[in-house]
Amino acid sequence: DAGVTQSPTHLIKTRGQQVTLRCSPKSGHDTVSWYQQALGQGPQFIFQYYEEEERQRGNFPDRFSGHQFPNYSSELNVNALLLGDSALYLCASSSLRTANTGELFFGEGSRLTVL
Amino acid sequence: TQLLEQSPQFLSIQEGENLTVYCNSSSVFSSLQWYRQEPGEGPVLLVTVVTGGEVKKLKRLTFQFGDARKDSSLHITAAQPGDTGLYLCAGGTGGTSYGKLTFGQGTILTVHP
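Those protein sequences? They're chains R and L, same order as listed. The working numbering puts the first residue of the first sequence at 1, with every later residue one more than the last. The working numbering puts the first residue of the second sequence at 1, with every later residue one more than the last.
Same shape as in the complex, but just chain L (with noise of 0.2 angstroms):
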């Protein structure tokens, strides 16, 4: 059974921190996603990852994969009370198994004004 931990679980910071989400396994995923979810909605695909070593940017978001593709994280920088929502991990083994999808417990992150 392939698990992926997040941590931390929560997170409350100020407005214009720094905060990182780590995002671990033993197990080797094909892609790596992270979701962003807000109370009563589904979750929105902020980026994919691919490639052990990626590194991608969205703005303030850095998202990375692992280089053994069995870990991530994601850097926000100078957090704003917008960015408050649950984070979500999600790896994927891909090929026939694709859309199927093993999702961590999530983080939630609070920013205060």
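Next comes chain R alone, as it looks inside the complex (with noise of 0.2 angstroms):
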């Protein structure tokens, strides 16, 4: 059974650029949601992903975008990256059947260096 899958695993940018990540949720789960976490702290909410439409989001700029496509896969696109950009960012997969108790199961993650 394949876990959460993330890629690239590291990428270096420069200011001003745009990167794309991509993450493949666990087999049977439908809802794929973002975190970033800068280096020493714990992981911050971006957005969620549900039938295709984002249906939460944390407190993120709009340079932050993200789709899901009908294999419940998702990306996440951030544009004029800025230096703060520079992070882990981690894919969660969850199911609707697991909604009460909120558990998430995360990839390894893209770390992003932003110079």
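Derived from the structure by calculation, the hints contain no laboratory data. Incorrect hints may have been included.
[What the hints assert, rightly or not] Below, computed lysine to any residue pairings styled on SDA-like, alpha-carbon distance capped at 20 angstroms: (1) R:LYS26 <-> L:GLU41; (2) R:LYS26 <-> L:LEU45; (3) R:LYS13 <-> R:ASP85; (4) R:LYS26 <-> L:ARG36; (5) R:LYS26 <-> L:VAL44; (6) R:LYS13 <-> L:GLY40; (7) R:LYS26 <-> L:VAL47; (8) R:LYS26 <-> L:LEU46.
[As the list claims (entries may be wrong)] Here chain R is said to cover these stretches of chain L; the calculated rule only asks that three of the stretch's residues, wherever they fall, bring their Cβ under 8 angstroms from a Cβ of chain R: (9) 14-22; (10) 42-48.
Glycine is no exception: its CB is placed at the ideal position from the N, C-alpha and C atoms.
Now that you have both chains on their own, put them together as the hints suggest.
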């Protein structure tokens, strides 16, 4: 049973560029949430996708956008990159069946460095 | 804005010692989860507690959810070097907010042989 897979694992960009990160959820899961984890901090919620729509959003600017495809996979896009966007970006999948417990299954993350 | 405060932020102990990590909030959560994260990897779920006062044991790890569902603790008995890692607590509000967790800042645990 494949877990949550993310790509790329590492990438380096320069200020002002755009980046796209990808995520495939765990088999049987229909919901994808994205988190940003700065070094030495806990993850912070960016947004969540369910049924190809953004359902919830955290306190992140519009430069952060996303998409969910019919096969439940998802993309996170960040435009006009800033140095402060350097972080580990985590994708987490879940299912409506576990909604009451809020359990999430995380991928290994994409480490973004902005120079 | 819901916040979760973890303490301590850093813990360095010798193998065989016991330890407790605390997670506190002024907000009520419908569930509280504990994750462990290794460097360069995503968090791995250890346990979920959903009932106030609930206690769960996972081998040498004991998790407790406060009666008012605002706080939680993780106790490790006879710590081993393999327990080294970042421990994160996360609160969920369930319902239509499932998948949106509020994380504490984490506790970095180092267990020396």
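Here is what the structure says about each hint:
The hinted pair formed by R:LYS26 and L:GLU41 meets the criterion: a straight-line CA distance of about 16 angstroms does not exceed 20 angstroms. Among the hinted pairs, R:LYS26 with L:LEU45 is consistent with the structure: their alpha-carbon atoms are about 14 angstroms apart, no more than 20 angstroms. Simply put, R:LYS13 and R:ASP85 have alpha-carbon atoms about 10 angstroms apart, close enough for the 20 angstroms limit, and the pair holds. A hinted pair counts as satisfied when its Cα atoms are at most 20 angstroms apart, and R:LYS26 with L:ARG36 qualifies at roughly 19 angstroms.
As the CA atoms of R:LYS26 and L:VAL44 are separated by approximately 14 angstroms, the hinted pair is consistent with the 20 angstroms bound. For the hint linking R:LYS13 to L:GLY40, the alpha-carbon distance of about 19 angstroms falls within 20 angstroms, and the restraint holds. With a C-alpha separation of about 18 angstroms, the suggested pair R:LYS26 and L:VAL47 falls inside the 20 angstroms cut-off, and the hint holds. The hinted pair formed by R:LYS26 and L:LEU46 meets the criterion: a straight-line CA distance of about 17 angstroms does not exceed 20 angstroms.
Proximity of the region 14-22 of chain L to chain R, defined as three or more residues with a beta carbon under 8 angstroms from a beta carbon of that chain, is not established by the 0 residues found. With 5 residues carrying a beta carbon less than 8 angstroms from a beta carbon of chain R, the region 42-48 of chain L meets the three-residue requirement, and the given coverage holds.
Hint 9 from the earlier list is the only one contradicted by this structure; the remaining hints agree with it.
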